[in-house]
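Trainee: Sequences listed follow chains H and Z, in order.
The first sequence finishes on residue 708 if you use our numbering, and the numbering steps up by one all the way, no holes.
The second sequence finishes on residue 484 if you use our numbering, and the numbering steps up by one all the way, no holes.
The set of hints was computed from the structure by calculation and includes no laboratory data.
Don't be surprised by glycine CBs; every beta carbon is placed ideally from N, CA and C.
One should not assume that every hint holds.
Stated by the list, open to error - Derived DEER-like restraints, expressed as beta-carbon distance ranges:
{"id": "1", "chain 1": "Z", "residue 1": "A219", "chain 2": "H", "residue 2": "W398", "range": "42 to 50 Å"}
{"id": "2", "chain 1": "H", "residue 1": "E323", "chain 2": "Z", "residue 2": "G398", "range": "52 to 60 Å"}
{"id": "3", "chain 1": "H", "residue 1": "S409", "chain 2": "Z", "residue 2": "P218", "range": "28 to 36 Å"}
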Amino acid sequence: MSNRGFAPLLPDACVGCSACVTACPVAAADGTFAGPKVLGPALSRRLPGGWPGEPGLTPEDAEALGASRCLQCHQCDLACPSGLSVSDQVRRAKELAGALPRGAWDRFTGRLLADQERFGRLIAATAGARRLARWLGAGLGHRAESAALKALGLSASRSVPAPVRWNLAGWVAATRDPVAERRRPPVLLYAGCHARFYDPAVGRAAVSVLRRAGYRVIVPAQVCCGAPARSQGVEDLAARAAAANVRLLSHASERLGGDVPIVSPCPSCTLALRRAIPELAPGRTAESLAESTWDLGEFLTSPARPAVAAAARRLPAELARERWVYHAPCHLRALGVGRPFPELLQTLGLGQPLDPGPRGDGCCGMGGPTGLTRDGHPRSLADGAPVLEVYRSLAAEPTGETSEHGRRPVALSDCPACRWQIADASGLPTAHPVEFLAKALERAD
Amino acid sequence: MTATPRERDYDVVVVGAGLAGLVAAARAASEGARVGVVALASGNLGLWSGLVGGRPAGRRPAGTDRALEFFLDYALKAGLPYVGGSPDLRLFSPAGHVVQAVAAPATMAATLPARAARRRTGGDGRPPFETSGAGASGAAATAPAAVVVGFTELGDYPAPFIAETAGQEIGLRVIPRSLSLGPAAGRGQAPHLARLFDDPAWFASFLESASRFVGAEARSAAVVLFPPVLGFERFAENLKALRDALGAPVYELPAVPPSVPGQRFWRFWRHRLEADGRVQLHVGRRVTATRVAGGRCLWVEDGVARYRAAAYVLATGGVAGGGLEVDPGTFFRLSGGPGEGQPGALSGSLSAESGDEAPESRGGPAPAPREPLFGLATHGKGTDWLTWGVRVDGEGRPRPARPGDGRAGSRALANVFAAGWVLGCGRGRPTGAYLSIESGHLAGTLAAGLAGSGPGAAGGGARPDE
Numbered sequence: 264m265s266n267r268g269f270a271p272l273l274p275d276a277c278v279g280c281s282a283c284v285t286a287c288p289v290a291a292a293d294g295t296f297a298g299p300k301v302l303g304p305a306l307s308r309r310l311p312g313g314w315p316g317e318p319g320l321t322p323e324d325a326e327a328l329g330a331s332r333c334l335q336c337h338q339c340d341l342a343c344p345s346g347l348s349v350s351d352q353v354r355r356a357k358e359l360a361g362a363l364p365r366g367a368w369d370r371f372t373g374r375l376l377a378d379q380e381r382f383g384r385l386i387a388a389t390a391g392a393r394r395l396a397r398w399l400g401a402g403l404g405h406r407a408e409s410a411a412l413k414a415l416g417l418s419a420s421r422s423v424p425a426p427v428r429w430n431l432a433g434w435v436a437a438t439r440d441p442v443a444e445r446r447r448p449p450v451l452l453y454a455g456c457h458a459r460f461y462d463p464a465v466g467r468a469a470v471s472v473l474r475r476a477g478y479r480v481i482v483p484a485q486v487c488c489g490a491p492a493r494s495q496g497v498e499d500l501a502a503r504a505a506a507a508n509v510r511l512l513s514h515a516s517e518r519l520g521g522d523v524p525i526v527s528p529c530p531s532c533t534l535a536l537r538r539a540i541p542e543l544a545p546g547r548t549a550e551s552l553a554e555s556t557w558d559l560g561e562f563l564t565s566p567a568r569p570a571v572a573a574a575a576r577r578l579p580a581e582l583a584r585e586r587w588v589y590h591a592p593c594h595l596r597a598l599g600v601g602r603p604f605p606e607l608l609q610t611l612g613l614g615q616p617l618d619p620g621p622r623g624d625g626c627c628g629m630g631g632p633t634g635l636t637r638d639g640h641p642r643s644l645a646d647g648a649p650v651l652e653v654y655r656s657l658a659a660e661p662t663g664e665t666s667e668h669g670r671r672p673v674a675l676s677d678c679p680a681c682r683w684q685i686a687d688a689s690g691l692p693t694a695h696p697v698e699f700l701a702k703a704l705e706r707a708d
Numbered sequence: 019m020t021a022t023p024r025e026r027d028y029d030v031v032v033v034g035a036g037l038a039g040l041v042a043a044a045r046a047a048s049e050g051a052r053v054g055v056v057a058l059a060s061g062n063l064g065l066w067s068g069l070v071g072g073r074p075a076g077r078r079p080a081g082t083d084r085a086l087e088f089f090l091d092y093a094l095k096a097g098l099p100y101v102g103g104s105p106d107l108r109l110f111s112p113a114g115h116v117v118q119a120v121a122a123p124a125t126m127a128a129t130l131p132a133r134a135a136r137r138r139t140g141g142d143g144r145p146p147f148e149t150s151g152a153g154a155s156g157a158a159a160t161a162p163a164a165v166v167v168g169f170t171e172l173g174d175y176p177a178p179f180i181a182e183t184a185g186q187e188i189g190l191r192v193i194p195r196s197l198s199l200g201p202a203a204g205r206g207q208a209p210h211l212a213r214l215f216d217d218p219a220w221f222a223s224f225l226e227s228a229s230r231f232v233g234a235e236a237r238s239a240a241v242v243l244f245p246p247v248l249g250f251e252r253f254a255e256n257l258k259a260l261r262d263a264l265g266a267p268v269y270e271l272p273a274v275p276p277s278v279p280g281q282r283f284w285r286f287w288r289h290r291l292e293a294d295g296r297v298q299l300h301v302g303r304r305v306t307a308t309r310v311a312g313g314r315c316l317w318v319e320d321g322v323a324r325y326r327a328a329a330y331v332l333a334t335g336g337v338a339g340g341g342l343e344v345d346p347g348t349f350f351r352l353s354g355g356p357g358e359g360q361p362g363a364l365s366g367s368l369s370a371e372s373g374d375e376a377p378e379s380r381g382g383p384a385p386a387p388r389e390p391l392f393g394l395a396t397h398g399k400g401t402d403w404l405t406w407g408v409r410v411d412g413e414g415r416p417r418p419a420r421p422g423d424g425r426a427g428s429r430a431l432a433n434v435f436a437a438g439w440v441l442g443c444g445r446g447r448p449t450g451a452y453l454s455i456e457s458g459h460l461a462g463t464l465a466a467g468l469a470g471s472g473p474g475a476a477g478g479g480a481r482p483d484e
């Protein structure tokens, strides 16, 4: 049976070669982390559902081995010569460690952060209060925000997204051209929580590029993909999100004739739709949704490529001078789609790519919302230290008109968490590559 | 309405991202081809010590080994310099034995003290490293030829054992020295130690204690050997600092997995391939089907996407090493002797759907019956599975399997080139890393040539389809 191209769970195929350990960003950064080999295949017989008769692993054991440190970046899966899904096994250990008794408030905040749908709504609901506090005084607004973040177990030194004033789905509906779009092939945009709650500009850029490539873009009703919940080991929330998305997306697809491509600018959402959701909500519907799901870059460089190339025929010359540096997110690597955006930008001659070097080409350490928490923030900086050091040095290069380089480079990455981490750690401007592309295409008109 | 097909077009598709696959991809890309690499993982690079061995004696006259020259050039470009060519290097193996290597990472390319040198130096029977000391004969008698440094936290690296073997091998005094890296070493896993060495602040403190601890004896030793964990990225700077501090030639020794040098190779080559923009790596994808018709490969598929190219490189790893799936029952029969050469032995990951180019049936009810795609040949008399590989013609093109036909008569696939361990090895043939480099280079060259993307036809970047 096809496993949709992803690795199976067959722990006995592990030969103990440790290739996963050398690929693990956390094992490299944290000497106390037992690493994917031990937490995955080696202990899998002692995890729930493991071999009968084996002594079960206790939550305390799992915690002592550092199970909760796993970022679910999936780089171990890509390293395994036996093709094992090591990260799925480590996730079970992480789930076990998550069962350790905790205080009621900690449990509440833990679940809140894992549930990006609720968390995002909370951020959106407090937008008015945050604006008011900022209006009353920058100091007051900052103090109030810090206090709120601390109470939620979040790092107060993280930048908080500015309150969003508009809604992506509303904007898409308001700006569509019903007459021109009637004959165009439809595409469902799975925008992801980040574009829906924090930064709709990424979603708008995706819509702009897809429309120029001749597609009719629909933003269907959707909930969080469940990836943050699953990677924190909160499986029930992830399963609930999966079931809801299967219902919502299949309904939207069927109304348009079925098998409509679902495109997402977020590689973590794409990975969840393709890989996790068919596991959490098994069935033919989820399988067919998984088959219809595309990474935005993959979609633009594959079926939409001729249209994108045609739309990019008259690009403004000034963009050719803009420098960018691309950071490949772990979950994009896990999708196995290559690195579509940098290839597309280079082919179109858009801007000048900078090479971060092998040192800057790894995991940024953020690990999704994990890096936002009070404990997770410093750890994320340690896990991503080599990469962040490269971006800091890029930011420290001389800037301004007098410099031979001109303006500061923009850090491009498909993943909102990576952008957040790079921006916080280096101060470089960041963008989704589709924003860069959209800007170019809009100016080409 | 069916789902939009997920298809990628390349000039060359390489299946496999181990050493052979990466060399083939680098070679094809340097010839101007757009390359897609589809691979389950990074092959055995995580197990690889980094040494290149396996070139049969007298195989290439000095200076004309194009594959090796390309490898050395590209490694330099990737930021991971290798030393090699001619003559072969003499190096210690992870167990302390002396081995011949065609090339080695620059961090490992030590000149080993040798007894031959002693004979050249003088007739007093004493090794040169003991006589050429500070001149004080009392101290010279105890000066070691080599110091093998181990870290107490790195349990997989038994310095005393390595030193003992090494000393017996070269007939000179080799001494072990054990250093503790302190609490920062944690569980002492090699990757974590490598990351520690990448931290300049930590390394500064290490350097101080290391020069104090091994200093006096190291200064009189011909070579000081460290475990190969001196950083994922800063290994060159760290080695230089250690050489300056100890006043002796310092090198890394190869080690057993988890191998930091193998991981370095994967990181640096992957980065170089991707940064050049001509190569897309699809890693974590298991090739599950292919279509062969009219003596050509039409596409390969990984259960999600279909990859089309003008030419394909089969760099999937050893026949029995997981590269090509072998039906266990058949494999045991195969290695048992009788029935060897039976082309029906291969099945699985690279078997073809039977029938001609038919309407696509992805997601259909029942998969088409699968037939073995390649014939097998052995390069040795025994039953050693390492000698088994796909049957190829003179240019490395696999010959298809014909059930019941074990002879090498059938026509080879016109646009497929095999590279690396999938070819098998045998007496007088290249083996190991050299096999991967030589055959990967040849396959990359021929595949790019077939794709019409030689230097003259390079064009400009990826073509935006019509």
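Trainee: Each hint should be assessed against the structure and marked as holding or not.
Mentor: Here's how the hints hold up against the structure:
A hinted range of 42 to 50 Å holds for the C-beta pair Z:A219 and H:W398, which are about 44 Å apart. At roughly 53 Å, the beta carbons of H:E323 and Z:G398 sit within the given window of 52 to 60 Å. Evaluation of the 28 to 36 Å hint for H:S409 and Z:P218 yields a pass: the beta carbon distance comes to about 33 Å.
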